[in-house]
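2 protein chains.
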Amino acid sequence: MINAAIVGYGNIGKAVHEAMLESKDIRLKYVVTSKNLSIGVPLLKDISELKDVDVAILCSPSRAVPGIAASLLAKGISTVDSYDIHTNIADVRLQLDAVAKEHRCAAIIAAGWDPGSDSVVRALMTAMLPKGITYTNFGPGMSMGHTVAVKAIPGIKDALSMTIPTGSGVHRRMVYVELEEGADFNTVSKAIREDDYFVHDETHVMQVESVDKLKDVGHGVHLFRKGVSGVTGNQRVEFNMSINNPALTGQILVSSARAVTKQKPGCYTMIQIPPIDFLYGDTDQLIRELV
Amino acid sequence: MINAAIVGYGNIGKAVHEAMLESKDIRLKYVVTSKNLSIGVPLLKDISELKDVDVAILCSPSRAVPGIAASLLAKGISTVDSYDIHTNIADVRLQLDAVAKEHRCAAIIAAGWDPGSDSVVRALMTAMLPKGITYTNFGPGMSMGHTVAVKAIPGIKDALSMTIPTGSGVHRRMVYVELEEGADFNTVSKAIREDDYFVHDETHVMQVESVDKLKDVGHGVHLFRKGVSGVTGNQRVEFNMSINNPALTGQILVSSARAVTKQKPGCYTMIQIPPIDFLYGDTDQLIRELV
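Residue numbers (my numbering), protein chains in the order written: chain A, 40 to 330; chain B, 40 to 330.
These are calculated hints, taken from the structure and not from any lab test. Just so we're clear, the structure is a prediction, and the values are computed from it rather than from any experiment. There's no promise every hint is true.
You can't tell identical chains apart in this list, so a pair holds if it fits in one copy or across any two.
[Stated by the list, open to error] PhoX-like mimics (lysine-lysine), calculated; alpha carbons at most 20 Å apart, straight line:
no. : residue 1 : residue 2
1   : K170      : K63
2   : K53       : K68
3   : K53       : K170
Input sequences plus hints: build the corresponding full structure.
And the structure:
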């Protein structure tokens, strides 16, 4: 049995908990949260209290993840997270790789669906068609990372950021905000559009009475690569999905918690992990079923 | 540079050669074939003459592959192959795993598209949706195994068996035959429909003037899984491709030749290999591009 902790108990933390209850090889020992919850699991207020677990699944906002991961790895506790700031992943991995190696534990970062399972598909598509272009089209769906980033902006009471695919990997961001009393919409709107998460995309900010009435956690992706195998062009490969976002992210985190216990010390992204390591079961049986 | 040999020079061997010429890190040193070819590469008549290569890519018929792989691994030469007899893969892997470990080299077996890249997708889908059903729908495309089985039936001059997906992993077989003089179509048609390869599938046999005029190496697959992440059902994931079959198989074999040089001694299927290992380039750069 793998002894695990969940750090942070929002949407993702809850989905991780659900996925863990369905897994046969992972036992939840602690939840680290400042909330008062009755979930039948011992709660800890702070990661400094965490001990006696093999792996901690970090379900905190992305910007807090590198610091939390480094603290836990320094205590010899392996970590997995769904850190999703694409441009920083390679650097964060290098930083955590050094800490993990020094303290003889392992980490898998960016283990959600994008970055995450989509990254694995992109790597596989590139192995199949080394030359060509891959387009990643997200949505339509609520972006958790973008929504959290909006909510962190002063003056915002509640928010929802929708990702709308417009083709060729180009996206529109539709941001719905509920303002706090006295907040100025134009100031808030500008702050959102200048945030790192939004600055490169067509972004529309709209004020609404109730964000809650708009919420649906469905999401999707369409990955498409047209390219060349050897010298033969027009090879076409695509990957589609339509999913409940926190449920899939939670499941991939739990599958990654299983995988991280099988790795040598270091920090990895999902494309550096043998796919079989994410699965529960006997190697030969899995090969018989899946290969 | 990885020094490589190609063993067997049919459709697949030729496609491997093409893909190798496009790769920057793999150099073709020998082709092992009994054919007389002018392809600008030293030819060897037999695998017993093979030496000074890091990896041999086996492009012989599947039934010959386990024996050839065992011989080369016993000489310390790593191998990759696209062995495709699904029911035997797990056992062949165990046999070759022992040989590879004893002689400190590595093998990747079943490295084509199915088994192969499709297997990786099935494993990934299972990590995302541990409960559910995956359907693998092949085609439309030419089935080599079925075509060979038809050609073995008396009265048949040439044949082509097409695989047509009818959904839920069920397939129709469309068999085109050119008869020898004096052969009776009804007798031949009955023999095909009663053959082990066809008896379980909806099979249509048609007589044509020229099988050669129908041949096209295009193929495809539609993998579909509907299942449960955590406790949330109706999660839908699919993978589609439309490809030139030998070109893709050749490319995956070359990508696998690169990957095999990065593995510890042993024999692996593609689901046991980190996807990044199939790719050419610097780890951090690949993470920046793909994750």
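- Violated hints - listed by number, lowest first: When the structure is compared with the hints, none of them turns out to be violated.
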